[in-house]
Amino acid sequence: MERILKILDIKLFLFTVVLFFSLDFLSGLIIIKLFNNSKSGIVHKERKIFFETNEDALVFGSSRAAFHYVPDVFEKQLKMSFYNAGREGTGIYFHYALLISTLERYKPKLIVLDVDFRDVYDRGGDFGVDVFSQLTPYYGLVNDEFDDYVSIKPYDEILNQSNLIKFNKKFLNILTANISSKDQTVKGFKPLIGTWNGKEKHLNDTFVISNDLLNTLDDFIKKTLQNKIELLIVVSPTNKNIPQDFTRILDSIALNNNIKLFNFLDQDEIKMNKYFYDMEHLNEKGANKFSKILSESL
Amino acid sequence: MNWKPVYAILILFSTVTTWLSGFLMERQKNRKKVFLIISLIINFSILFLYKYFDFLNQIVFDILDNLHIKYEIVNLDILLPVGISFYTFQAVGYTIDVYRKDIKHEPSIINYALFVSFFPQLIAGPIERAKNILAQFRELKILTKENLFGGLKLMLWGYFLKLVLADRLGVYVDAVFNNIENHNGSSILLASILFAFQIYGDFAGYSLIAIGTAKIMGFDLMTNFIRPYFATNITAFWRRWHISLSTWFRDYLYIPLGGNRGSKLKNNFNLFITFFISGIWHGANYTFVIWGALHGFYLILEKKFAIKQVKSKNFLMRLFPIIITFILVDLAWIFFRANSLSDAFLAITQIFTTAGENLFIKGDVLLGSIIALLILFIKEFKDEFFENKYRFLSNSNPYISASFSVLLFSIILLLGVFDSGQFIYFQF
Numbered sequence: 001m002e003r004i005l006k007i008l009d010i011k012l013f014l015f016t017v018v019l020f021f022s023l024d025f026l027s028g029l030i031i032i033k034l035f036n037n038s039k040s041g042i043v044h045k046e047r048k049i050f051f052e053t054n055e056d057a058l059v060f061g062s063s064r065a066a067f068h069y070v071p072d073v074f075e076k077q078l079k080m081s082f083y084n085a086g087r088e089g090t091g092i093y094f095h096y097a098l099l100i101s102t103l104e105r106y107k108p109k110l111i112v113l114d115v116d117f118r119d120v121y122d123r124g125g126d127f128g129v130d131v132f133s134q135l136t137p138y139y140g141l142v143n144d145e146f147d148d149y150v151s152i153k154p155y156d157e158i159l160n161q162s163n164l165i166k167f168n169k170k171f172l173n174i175l176t177a178n179i180s181s182k183d184q185t186v187k188g189f190k191p192l193i194g195t196w197n198g199k200e201k202h203l204n205d206t207f208v209i210s211n212d213l214l215n216t217l218d219d220f221i222k223k224t225l226q227n228k229i230e231l232l233i234v235v236s237p238t239n240k241n242i243p244q245d246f247t248r249i250l251d252s253i254a255l256n257n258n259i260k261l262f263n264f265l266d267q268d269e270i271k272m273n274k275y276f277y278d279m280e281h282l283n284e285k286g287a288n289k290f291s292k293i294l295s296e297s298l
Numbered sequence: 001m002n003w004k005p006v007y008a009i010l011i012l013f014s015t016v017t018t019w020l021s022g023f024l025m026e027r028q029k030n031r032k033k034v035f036l037i038i039s040l041i042i043n044f045s046i047l048f049l050y051k052y053f054d055f056l057n058q059i060v061f062d063i064l065d066n067l068h069i070k071y072e073i074v075n076l077d078i079l080l081p082v083g084i085s086f087y088t089f090q091a092v093g094y095t096i097d098v099y100r101k102d103i104k105h106e107p108s109i110i111n112y113a114l115f116v117s118f119f120p121q122l123i124a125g126p127i128e129r130a131k132n133i134l135a136q137f138r139e140l141k142i143l144t145k146e147n148l149f150g151g152l153k154l155m156l157w158g159y160f161l162k163l164v165l166a167d168r169l170g171v172y173v174d175a176v177f178n179n180i181e182n183h184n185g186s187s188i189l190l191a192s193i194l195f196a197f198q199i200y201g202d203f204a205g206y207s208l209i210a211i212g213t214a215k216i217m218g219f220d221l222m223t224n225f226i227r228p229y230f231a232t233n234i235t236a237f238w239r240r241w242h243i244s245l246s247t248w249f250r251d252y253l254y255i256p257l258g259g260n261r262g263s264k265l266k267n268n269f270n271l272f273i274t275f276f277i278s279g280i281w282h283g284a285n286y287t288f289v290i291w292g293a294l295h296g297f298y299l300i301l302e303k304k305f306a307i308k309q310v311k312s313k314n315f316l317m318r319l320f321p322i323i324i325t326f327i328l329v330d331l332a333w334i335f336f337r338a339n340s341l342s343d344a345f346l347a348i349t350q351i352f353t354t355a356g357e358n359l360f361i362k363g364d365v366l367l368g369s370i371i372a373l374l375i376l377f378i379k380e381f382k383d384e385f386f387e388n389k390y391r392f393l394s395n396s397n398p399y400i401s402a403s404f405s406v407l408l409f410s411i412i413l414l415l416g417v418f419d420s421g422q423f424i425y426f427q428f
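So the protein sequences, as listed, match chains B and Z.
The opening residue of the first sequence carries number 1 in this note's numbering; numbering runs sequentially from there.
The opening residue of the second sequence carries number 1 in this note's numbering; numbering runs sequentially from there.
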């Protein structure tokens, strides 16, 4: 230590520290400006669903929500405004963060939660705890509950004070959101164009139930019901092999909380290749058909 | 690649036997060839058992299966100990050096053990030479300003190469190469180009972090990469790429085989076999074998047609050979990266048949790749053509140097990928 102090030029050291914090601060000013100005892509949609939605009904979920629920179909049938808040590559951890943010602003009349098997079984990645690093740009912008929720490691609160670290996961998305000005979604819905060729992917999947995911799902349900919001749980169609006990788990959750569950896993009329873009996602035709079937049964 | 505490026994065993063989070679000079052979057999047997046994088994199975002979395959299914290829080569190099009297046997087993297991370069090199580094373990090391800041700057650039360049490009490369059948030629072509820079960033990044860490502690490790994609022929490429391995093969395999002495046919054979084995060193898979063989083939052709490297300091004069060299190197990288031989051939077929179709790449991934590659190009271009001008990190003015270091550190924090996997070369 003595040796380090001896070779360290204090003036140069202070210059370096001050320069770093100045750079962090100044880049933060620019990034936040760009962040607020996002016009397209996932940052634009995230900002919309975190800060701007005021629709009567919201659908939460992963890409299987974003590509499956056609707001116009639901609006026509339910006679209420509808926004698709589904976000690709996310799971229940993200949806719960979004719920906190939504409830800070207003209480929708209806929330549809599209549950994916990744919301029950640990799959890692952005469906798991990695998603919290995607949420750091919203740190300090929602409320204390949100900040506590996204700070999963003891030092996260300190790291999130740095703009460079806070925007690490989103910086490139923010730049692209400013380059392209076209919002490709209609009330949050983005249709997938194309038809699945029916090729099965051979996945060596092992499914392990995650208590953390289940607890977050439970928290989501409890929080929605406590706020007297009508909640529907939906499992939208898929051709992927889902673990057999998935349905049993969801049945039990729905029964215990006295909420409606719509499970499309076994509905063959909408499992044909022509309705799918790929194994797990409906194409535009499939999304319209699914939205019609679901909205009519509500 | 794996690490278990029990694997420490392997490196300990290799260390003790190699040191002992060196000791015995000096003591019993008339039997030194015997000790050399014993040491080589022990070291290569460990490597073979852990790295190649299952692969060889598979080859035997494939051959017999083609002959309709039923053969019950017994795979060991053991995990590859981390760094085994690197420390084995380092130990073997030492043994041969002592045998050839290029160096004297190290009397202290502690110093020798430090040489074999020196932690910055244990896992993925540079593969050090005893004559370069053993003496350094005997010296008293004092932390100096030059070593501390020099080492930190090397590490900083290494982290940029790994976190901003390699791991950012890896997002796209992995998505394409892990799903070749669902991508068109345009995407595969782009992924294969990006892989060339991913593996460079990953491996050169690791090397710089290792060299920088060692430098802080007062040790000078050998340079492992010198801007390889500015090479103007394949020979020059191998003088710039993984230098510690290519010089190892030159000194301990190519030259003992006869090098460029003898007939053209013999010379070509020596070249080919050296690169063929270099391919196998990288991994127990046909893909690496083809990769190595392709480079051997390139070098034979290069000799046959007397293709010389262009040493002009004018970038435009070098541009054409740089592009040609890159295309050849990149074609070989497809085999190196592909998950299987059939994937590699499918990738090449797709490139030549559907390369005109729409490119599938997300805007943020493309933008991140462009930014990382642009920074790399500026730094490497400056170093290649204006070596002593416009110094950034190594500017003689400490405030300018510190400013660029802070800027680079900030870029890493903002654009780095912090949740990706390990270094690619850890698997070798």
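Hints were generated in silico from the structure; no laboratory data involved.
Keep in mind that the hints are not guaranteed to be accurate.
Here are the simulated lysine-lysine pairs, DSSO-like style, with alpha carbons at most 27 angstroms apart [what the hints assert, rightly or not]: (1) Z:K379 / Z:K389; (2) B:K33 / Z:K145; (3) Z:K131 / Z:K141; (4) Z:K145 / B:K11; (5) B:K48 / Z:K362; (6) B:K169 / Z:K141; (7) B:K190 / Z:K304; (8) B:K182 / Z:K362; (9) Z:K362 / B:K199; (10) Z:K379 / B:K240; (11) B:K169 / Z:K362; (12) B:K187 / Z:K362; (13) B:K274 / Z:K362.
Derived contacts from chain B toward chain Z, CB cut-off under 10 angstroms, selection only [said to hold, decoys possible]: (14) V17; (15) F20; (16) L110; (17) D156; (18) E157; (19) I158; (20) Q161; (21) S162; (22) L172; (23) G198; (24) K199; (25) T238; (26) N241.
Backbone N, C-alpha and C fix where the C-beta goes; we use that ideal spot for every residue, glycine too.
Task: Hints that the structure is at odds with (numbers, increasing) - done: 2, 6, 7, 10, 16, 17, 18, 19, 20, 23, 25, 26
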